[in-house]
Amino acid sequence: MTPSMQPSGEMITLVQPLIPALRRYARALLRDRDEADDLVQDALERAIANWRQRRRASSLRAWLFTILHNLAMDRLRRRARRGYPAPIEDVPEARLAIPPTQETAAAQRNIMALVARLPEEQRSVLLLIGVEELSYAEAARVLDVPQGTIMSRLSRARERLRRLMEEGEAASPPSLRIVP
Amino acid sequence: MNDAPVTEAEIQAHVDGRLPSGRAAAVEAWLAKYPDEASRVASYRAQRDALRAALDPVLDEPLPLALDLRLREGAPTGRPGFGRSALAASIAGLLLAGGGAGWTLRGLDAQATTGTAALAREAAASYAIYADDRTRPVEIGADQRRTLDAWLSRRLSRPIAAPDLDAAGLRLIGGRLLPTEHGPAALYLYQNAAGERTALYLRIMKSDDATDRMTRRDEDGLRGWTWADDGLGFGVFGAASDDFLHSAADMVRARYRQS
Chain A
5 MTPSMQPSGE MITLVQPLIP ALRRYARALL RDRDEADDLV QDALERAIAN WRQRRRASSL
65 RAWLFTILHN LAMDRLRRRA RRGYPAPIED VPEARLAIPP TQETAAAQRN IMALVARLPE
125 EQRSVLLLIG VEELSYAEAA RVLDVPQGTI MSRLSRARER LRRLMEEGEA ASPPSLRIVP
Chain B
2 MNDAPVTEAE IQAHVDGRLP SGRAAAVEAW LAKYPDEASR VASYRAQRDA LRAALDPVLD
62 EPLPLALDLR LREGAPTGRP GFGRSALAAS IAGLLLAGGG AGWTLRGLDA QATTGTAALA
122 REAAASYAIY ADDRTRPVEI GADQRRTLDA WLSRRLSRPI AAPDLDAAGL RLIGGRLLPT
182 EHGPAALYLY QNAAGERTAL YLRIMKSDDA TDRMTRRDED GLRGWTWADD GLGFGVFGAA
242 SDDFLHSAAD MVRARYRQS
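Read top to bottom, the protein sequences are chains A and B.
So that you can map any letter, position 90 of the first sequence is 94 in our numbering, and since no number is skipped, the others follow by simple counting.
So that you can map any letter, position 70 of the second sequence is 71 in our numbering, and since no number is skipped, the others follow by simple counting.
Simulated from the structure, these hints should not be mistaken for lab results.
For clarity, every value in this text was computed on a predicted model and none was experimentally measured.
Glycine is no exception: its CB is placed at the ideal position from the N, C-alpha and C atoms.
Among these hints, one or two may not hold up.
[Said to hold, decoys possible] Quick list of the computed label-pair ranges, beta carbon to beta carbon:
1. A/D78 / B/E140: 29 to 37 Å
2. A/R85 / B/G142: 43 to 51 Å
3. A/R85 / B/E140: 38 to 46 Å
4. A/E170 / B/P21: 29 to 37 Å
5. B/S22 / A/E170: 50 to 58 Å
6. B/E62 / A/A174: 29 to 37 Å
7. A/R86 / B/N193: 50 to 58 Å
8. B/A168 / A/M77: 50 to 58 Å
9. A/L22 / B/D165: 28 to 36 Å
10. B/R258 / A/W55: 23 to 31 Å
11. B/P160 / A/Q57: 20 to 28 Å
[What the hints assert, rightly or not] Residues of chain A clear of chain B, computed beta-carbon distances all greater than 10 Å:
12. A53
13. R86
14. G87
15. Q126
[What the hints assert, rightly or not] Computed far set for chain A versus chain B, every beta-carbon distance over 12 Å:
16. N54
17. T70
18. I71
19. N74
20. L75
21. M77
22. D78
23. L80
24. R81
25. R82
26. R83
27. A84
28. R85
29. E124
30. E125
31. V149
Sequences are here, hints too, so could you generate the full structure?
Pasting the structure below:
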């Protein structure tokens, strides 16, 4: 990726405010700060290169998330082929998404660890709707599926996560433990 | 009227707070009758809140230099990182989309780049980008109002403050600093009890445009009022009615003339 392409003033104005949310989604998918930021950089380069091709009449946010999501899926597939070195729970603390702060840190790591156990297609929907607050129509665009599919994936993701949380509570009260 | 059977998709939309109010009430009533379903909804909401709590700190991290578009080598310069004509053009192209889905872009038209007409477009564009943001609409919240006012005053080189608009039912959420081709601008966001947001936008005007009468604006469907007093330009924009925005604008102008 060449960092030499230059964004227009217009693009800076419109895209810059959305970068923190792009980082958040990338971090949630990859759960590695450096790799996630690298991914966002890739996505921004693509956005700069294709700025004129975007459809002006539709949501810029959905367009950017689409680019980011597709690049993330490429990376996750490459990771899977390489046999990514560790199951997500074993990634060293410092590389994880969540800066450890106070006593909530453990619970937050736990929710991320549980989300990591969802099938990819469910995890993306959960994040795009629940965290990024995309509309259902925008999420359907990003994932290139009908809106009905978004709703059914969302329903399955939430129910599955609920069961995982309940199992966790039953397994080791009072605090959740996921690592076997 | 709203007694159709509750669907699973509606339950999900209810978790997300995206049902029309009439239907939300119907789903609430239904949930009251089925405690298992109600606890399922509560659990889904708790998941979402936990996820946000885990991930939102990313938003507060400083942006790595490699991700800051304003710092790109060769990026248009002048005011920190912003091109003049490009910015004016981008602002002309923004409009607020109907419903809660956010904002979209339209073709760019050549438009005036000075006076309160330019300010109106900037204010409307800022509203379109930030007012709809439920997570991070402002940089500094109303809980740090003094810090916010002091910071914006310093950056605009002019004493400004978020006026008290309680009389209009508007509560300050906070504010942020914005770049424009005419220099820094301040955006204050207010919210009413229903969660509808109104923006107050301020920046320094060029000496030619130092004073301008109160003017009604319609920026691609987003309505508001602009004026300029003694070198300071104002815009009040929002989704509320014309009359409401006009009286809010009058209130702001009165507060500033008093001070």
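**Report entry** 12 Å Cβ clearance of A/R81 from chain B
**Finding:** holds, 23 Å
Report task. Given the hint of 50 to 58 Å, check if A/R86 and B/N193 actually sit that far apart at their C-beta atoms. Result -> holds, 53 Å
Query - Distance rule for A/A84, whose beta carbon must clear each one in chain B by more than 12 Å - result: Fine: 23 Å to the nearest Cβ keeps A/A84 off the interface.
Query raised in the report: Just checking, A/R86 versus chain B, shortest CB gap more than 10 Å?
Result: At roughly 24 Å from the nearest Cβ of chain B, A/R86 sits farther out than 10 Å, so the non-interface label holds.
Query - Non-interface claim for A/R83, where every Cβ of chain B lies beyond 12 Å - result: Given a closest Cβ separation of 20 Å, the condition holds.
Query raised in the report: Is the gap between the beta carbons of A/E170 and B/P21 within 29 to 37 Å?
Result: holds, 32 Å
Query raised in the report: Minimum Cβ separation between A/R82 and chain B greater than 12 Å?
Result: At about 21 Å from chain B, A/R82 clears the 12 Å cut-off, so the statement holds.
Query raised in the report: Does the Cβ distance between B/E62 and A/A174 fall inside 29 to 37 Å?
Result: holds, 35 Å
Query - Pairwise beta carbon distance, A/R85 to B/G142, judged against the given window 43 to 51 Å - result: holds, 45 Å
Query - Given as non-interface: A/V149, partner chain B, CB spacing beyond 12 Å - result: holds, 14 Å
Report task. Confirm or reject the claim that B/S22 and A/E170 have a C-beta distance inside 50 to 58 Å. Result -> The hint (50 to 58 Å, Cβ to Cβ) is violated, given that B/S22 and A/E170 are roughly 32 Å apart.
Query raised in the report: Okay, A/L22 versus B/D165 on CB: inside 28 to 36 Å?
Result: holds, 32 Å
Checked against the numbered hints given earlier, the structure breaks hints 5, 10 and 11 and satisfies all the rest.
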